[in-house]
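Enquirer: Sequence:
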Amino acid sequence: MLKNLHRAALAAVLALTAATTPALADTTQRVNQLAEAQADRLVSTFKHLHANPELGFQETETAKQVSKRLKKLGYQVHTGIGGTGVAAVLKNGDGPVVMFRSDMDGLPVKEDTGLDYASRKQVTLDDGSKTHVAHACGHDAHVSWLLGIAEVMRETRDAWAGTLVLIAQPAEELIQGAQAMVDDGLYDRVPKPELLISAHVFPVWPAGTVAVRAGLRAAEHHRPGGDGRALGDGLPDHRQPQRGPAETGGAHRRRQPDRRSQQRDPGQRHPQAQPALVRKAGARTDARRHQ
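Per our numbering, residue 3 is the first one in the sequence shown, and the count goes up by one each step.
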């Protein structure tokens, strides 16, 4: 269901870091093959994360899963930054420092998608009240991308040079996690990037499409309603209810089965949508520091 989504995200990142490579076409083919090879595992990871969301600054199990996988892949891993944040470094000779950041936290809403891997989690808050928790903003997909990118970049080190920094950020929904990591000495542990990529699921373009535009970008926030169906970032049609990220990707792919790995300007108006792409509050702290 998410294979094209993962492939597109992985290809986009590698294309950015390997833009000067003469054999870019061969590299892109290798990226696609590597992404396809791990697609089933990434989908399994996505479903596990989706069923086990954690609120901001409480992402202990998610962070543990991320750090364990990155250590196994040979990255230099730093944990507990800003609470539960994870940073990982892969050095590969002289070249630019590129950072890819994913957020980990879920939202205090009840999921009612009917998916077999839907979240049924409830937690007790500091005031003693209970709340449901769900990945209603796609951060489960973001973490899956991070782990997929980690493996692809490691396996294609002959095609790029520089340093890759991967960030698993806590508490994006609270608009506090990025600053917490910086204040806790993130850049005492990892080098400052020359390029920071902070991708987000966006239920406007068909699955397998990557929308790219220079500068700071984000989406209008539409917080999930009582049924947990509204996504956090952008509505393709304000008259229609939003579904979960897995459902949205699958529906788009069924409607557009042949549109894969395309690059589009996210500011371009979609025939069935009027997306508002503005600066994302959760990534704003990071982005401002690396303009």
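If you are wondering where the hints come from, they were derived from the structure by calculation, not from laboratory data. Warning: the hint list may mix true and false statements.
Quick list of in silico lysine-lysine cross-link-like pairs, DSS-like style, CA-CA up to 30 Å [what the hints assert, rightly or not]:
| hint | residue 1 | residue 2 |
| --- | --- | --- |
| 1 | 112 | 123 |
| 2 | 73 | 123 |
| 3 | 93 | 112 |
| 4 | 73 | 49 |
| 5 | 132 | 74 |
| 6 | 112 | 70 |
| 7 | 194 | 73 |
| 8 | 49 | 66 |
| 9 | 74 | 49 |
| 10 | 74 | 194 |
| 11 | 49 | 112 |
| 12 | 132 | 73 |
| 13 | 70 | 93 |
Model, not experiment: these values are computed from the prediction.
Enquirer: Now, for every hint given, state plainly whether the structure supports it.
Expert: Hint-by-hint comparison with the structure:
1. With a C-alpha separation of about 8 Å, the suggested pair residue 112 and residue 123 falls inside the 30 Å cut-off, and the hint holds.
2. Between residue 73 and residue 123 the alpha-carbon distance is near 28 Å, which keeps this suggested pair within the 30 Å criterion.
3. For a cut-off of 30 Å, the pair hint linking residue 93 to residue 112 is broken: about 41 Å separates their Cα positions.
4. Straight-line distance between C-alpha atoms of residue 73 and residue 49 comes to about 22 Å, which keeps the hinted pair within the 30 Å bound.
5. With a CA separation close to 36 Å, the supplied pair residue 132 and residue 74 exceeds the 30 Å bound.
6. For the hint linking residue 112 to residue 70, the alpha-carbon distance of about 29 Å falls within 30 Å, and the restraint holds.
7. The suggested pairing of residue 194 with residue 73 holds, with an alpha-carbon distance near 21 Å, which does not exceed 30 Å.
8. At most 30 Å may separate the alpha-carbon atoms for a hinted pair to count; residue 49 and residue 66 meet this at roughly 16 Å.
9. Proximity of residue 74 to residue 49 is assessed by CA-CA distance (about 21 Å); at most 30 Å being required, the pair is judged to hold.
10. Proximity of residue 74 to residue 194 is assessed by CA-CA distance (about 24 Å); at most 30 Å being required, the pair is judged to hold.
11. Straight-line distance between C-alpha atoms of residue 49 and residue 112 comes to about 17 Å, which keeps the hinted pair within the 30 Å bound.
12. For a cut-off of 30 Å, the pair hint linking residue 132 to residue 73 is broken: about 35 Å separates their Cα positions.
13. Note on residue 70 and residue 93: the hinted pairing holds, with a Cα-Cα distance of about 18 Å set against a maximum of 30 Å.
Consistency with the previously given hints fails for numbers 3, 5, 12, ordered from lowest to highest.
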